[in-house]
Every structure is written in structure tokens, then in C-alpha cells.
Amino acid sequence: MSPDGLEKTAAMEAGPPVLAPGHTYASITDKISSIVLLQRTKRGWWFGFAVAFALFMVLNAAIGYLMLIGVGIWGINIPVAWGFAIVNFVWWIGIGHAGTLISAFLLLMRQAWRQSINRFAEAMTLFAVASAGMFPLLHMGRPWLFYWLMPYPDTMGTWPQFRSPLVWDVFAVSTYGTISLLFWFVGLIPDLATLRDRARNRLAQMTYGFLAMGWRGSARHWHRYEIAYLLLAGLATPLVVSVHTVVSFDFTIAVVPGWHSTIFPPYFVAGAIYSGFAMVLTLAIPLRQFYGLEDFITLRHLENMAKILLATGLIVAYGYVMETFMAFYSGSTYDRSMIMNRMTGPYAGIYWLLITCNIAIPLTTLWSAKLRRNVAALFVISLIVQMGMWLERFVIVVTSLHRDFMPSAWGMYYPTIWDWATFAGSIGLFLTLFFLFIRFLPMISIFEMRGLVHQVKEEKA
Amino acid sequence: MMRHPLYGLMAEFETIDDLLNAAQRAHAAGYRQMDAFTPFPVEGLAEAIGFHKTHVPLICLVGGLIGCMGGFFLQYWPNVIGYPLNIGGKPYNSWPSFIPITFELTVLCAGLATVFGMLALNRLPTPYHPVFNAPRFELATRNRFFLCINARDPKFDAQKTKEFLQSVKAREVSEIES
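Residue numbers (the working numbering), protein chains in the order written: chain A, 13 to 473; chain B, 42 to 219.
Derived by calculation from the structure, the hints in this document are not laboratory data. Quantities reported herein were computed from a predicted structural model and do not represent experimental measurements. Among these hints, one or two may not hold up.
What the hints assert, rightly or not - In silico EDC-like cross-links for lysine to aspartate or glutamate, where the CA-CA straight-line distance does not exceed 16 angstroms:
1) B:Lys94 - A:Glu238
2) A:Lys469 - B:Glu55
3) A:Lys469 - B:Glu84
4) A:Lys469 - B:Asp58
Produce the complete structure using the sequences and hints provided.
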């Protein structure tokens, strides 16, 4: 079967359609571009933006105080030196992974349902990486010396330790950020041209015109554009797997019980996709509601994403089971006491909450097709999964560190108000960027939707 | 070369099929200097106007190779030549631990080369282009399909080419100043 054949069957499968019937090239263009160009800013947008911006200001205050005093304002100490900063870093970067997966992997798989969700999922990736990247820098203690992480011939005559996963992380995350930005911007060029041609006010025409770089939809341009886009997708797919693998190396390369495990890379990648798709659902459900995009983001999209949640959730569950099994099977006293401490120790409540949020609730409810098509239930489940994944990162970081080999070195970790402020603030940064994005850029790829209309038409003919 | 006062003739079409048909007929009639403009990528259109080969994949490969070799060298040089440190007798060139960064830089350079290569081959950014003077060309990013036959084409003749375009179901044919 040709790749096109696959695409057609994907769009024609039984169940809700990927695009509501009756749309034309013009109706799609006008509908999506009007959100940016014509509609007045909704009151709900102002409200959401105000809350997000206030949280963003909390972040700025927390960072300002951190710069003034130092990382001592956080709850971190020996033995738990990693704390919230690393928990948040791993959580955010994982969330970003779903965007790349939707835009790159589903493109290679010729899945027609990706076309109405890829744009804002990519934006989500970009903003999640921005929120994530901030944490290791803040955690360094002297963030203004961040450039020491980069290999450059300095007057100190030293180099980064290239055998360290922490340095691999610098390269992995900065490459991931750059490639995500390129992918997103390349996807935006034809839509910026659409906005340029639709805009009626001079400032909008100039701005979108400048960003569109004179795109005119030439057949030669489209030809190179499509090849470049496909190549980028091919590059981004292994990249996304490598990024969370490298993040998991930050843990596995250490000898700490609970970290030193070969299950970590696949289980981190699956967990990343799990939390990422949950975030896409959390964003998609209110967006389609408030902007009336039910024709483009149909129940089909929500159900497909719920199925991916279920699949990746099962992989994550397998990871938890294997982790526990190996702790006992290995015969290592330290591994065994680590897992017993996780399940029954001082942080046991958090561990069981994580199992409830990540396994017990989603992996039972998502089997039901009825619940997968219930928008409100899906929204709640997506929030639960994200909370569960955050708790998972907390359990991995904190319970492994707080009791390692020597009982004399044991200790507890309690986050301070500044830990919480930085975490809440990073959500503020993410949402602020996202609100600006939905106001000023098309949140659904217009040209790909026109292609989808054409495809649906051909199928009918 | 003398600058032709006319850039070309722009024909507007209502459907993809009309445009594809017109492009194929124009190519068959011997026109080579032409371009089509569509609101989304149309399969087979580039081939119809006689555009087959692109160097974007090659640029991607070259970028990837530069990133791969440069990435490895970036780690090899300080560890083996520039600032060798003996840690527990481990080999200076411990290549397996250099692989992650080599991979990341391969992807980074390949991606940058692909995007900037594509933009350069497309001559973007192009702030001004004569085709934007065509009437209703703003619909090329909405729901109309355009075919432009360039005045530089040796077969171009303002009158005959116009008649040809009108004969292939063009909704309107207009002259574009250069």
C-alpha cells in the first residue's frame, strides 16, 4: 500500500471524522485566521492571561530573591541536593515531548488526525522547553555563569567533562529547543503569509509580512518545503527519544540505589509521552470549547490521544513493576531497602498517590470508549496524569537521595515556599507564552487543514 | 540582458484539477519558465511544471556529516590533545561516552542546514516579488490557484500565450509588470 493509501484509510475509518463535513478552503482559512485578526479579544482570554501573568510575576520575584540570596532559599540540602528544580525540569521537558511526537512521528506515520493539533502542540513543546531549561540554570547557584557549560576555549584553560551526562544534557536540551523552534517556525511560514494577506491593519500586515519572508506559495517552494519538513520530522523523531534518554542518564549513570537501572531510558521516554499527551488534552479541550473549534478538533482527536495515553500509561506501569521486581531479584540490600522505603517510608503517601494518579485512575477508566469520548472526564483524567507524572519525578529524585547507603547520612527534604513559588511561576511562564500564542498566531495549521479538505474531497470522489 | 517590461502572464484557476491540467498542457506546449502558486502543497504540481530535483536532502546530509564529525572532534580534541586528564586509567579517547553529544550535534547541524538550505534555495526572504502585483493574488493563500508563464520564456508571446491560457479554463488572465 502506498503511503497515500494509508493516509486515506486513516481519514476514512469509522467513528467521528477528523474534520467536520461541509468545510471548504475558504471557510477554514477565514475561520482560523479570524481568531487572530478579526475577533475581539475575549474576556475569558484576558482573565486567563491575567492569572498566568500574575503567576509569571511570582516566578520573577522568586528568581529575583534567588539571585539575591542563593539556592539556600530552597529546601535542598545534603543529602537531597536536587529537589524541586530537577523534578520540575524533568517534568516540563517530558511534557514537551508530546508536541514533537505529534508533529514529527505522526507525520512520518501519515496520520491525518495530527493536522489540527500539531501547531499548538508544537507551541506547547517550545514553551515547555523554555520552562524546563530555566531550572538547571537556576539550580546551578550562579546562573550568570551558565556559559561555563558550553565548550569554548576559555582563559581558565578548562573544558566541560564530556563524559558526564550532565554535559550531555546541555547539548540534548539546547538541540531539542533549537530544532523544536525551527520545526515550529517552518510550519508557520505559509500561515504567516495567509495572515499577511488577510490582515487589514497596517501594523499586522507589516509584522506578518516580515515574518512570512515573502512566501508566495510557489510550486517550487512547496516542493522544497515539503522535503525539508519531512527531513526535519525524520531528524526530530530520534531526537525526541534521545533527549529524555539523556535526561534519564542523569540518574542512571549515578550509583544511587533507585537510580542505577537500565529500565530508566525507555520508561522515561514513555513517561514523557504520557504526561505530554495529557498536557495536549488539557490544552485542547478548553481551546476547542472557547474558540468553537469542535469542527477541527473533533472527538476523534480526543479519543486517539486518550488511546495513546492508555498505551504509554501501560508502558509506565510496566516500568514501575519492573523497578520493584528488579529491586528484589537483584539481591542487593540497598535496592531492596530503597524500594521498601519508597513504599512504606516517610514519603510512602506520595508514592501511593503517584500510583493512584498514574496507574489506578487512568489505566482503568481509559479502557472505556464512553469515557474516552466524554470531554469532561478526559479533561479531569489528563490533569490527574500530569499530577501523577510530577509526583513520579518527585519520588525518583527525593526518595532515592534521602536514604542512600549510610544511615548516618540520611535526611529529609521539605520544599519551602520559594520552591512552590518557582514551580507555580514556571506554570505561569508556560501559560503566559501560550496565551500570547493563541492570540497572535494561528493555533491550527491553516495550510495543512486546506490539504485535509482536499484529501477528504478526493476520498469522496 | 535587457529587462523585459512584462514579468509574465498570470492565470487564475478555480480548482486544483484545472491548474494541474493547465500546467501539464503548458509544459507540453513547450513552456519552461513558469511557476504555479497554490494555498497548500499540491501533489504532482512541481513535476507538472517541470521541476523535479532539489538539493535539500543533500544539504541535510552534508550538515549532518559536519555536525557528526565536528561533534566528535569537539570532544576528542580536549580529552586527547588539548587537556588530557588521566582519570582512573581510563582511555583518553573513551569514544562511547562521546556518542550522545556527537548524535545531538549531528541532528542540530542537519536541522539547521535543512531549514536554512531550503530558505536559501527558495530565495527567501524575498521582500518584493512581481507576482504580488497580480490582481487577487492574495487569494493564493486562501482558495485560488495561479499559474504564471514568465515573459523570459523563449516561447512567450504576449498575445499567443494569453490565448493559450484562456483556452485551458483560466478564470482570468492578467499581465504582470516586472
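To see whether the hints hold, each was checked on the structure:
no., hint, in the structure
1, B:Lys94 - A:Glu238, "13 angstroms, holds"
2, A:Lys469 - B:Glu55, "15 angstroms, holds"
3, A:Lys469 - B:Glu84, "14 angstroms, holds"
4, A:Lys469 - B:Asp58, "12 angstroms, holds"
In summary, the structure agrees with every hint in the numbered list given earlier.
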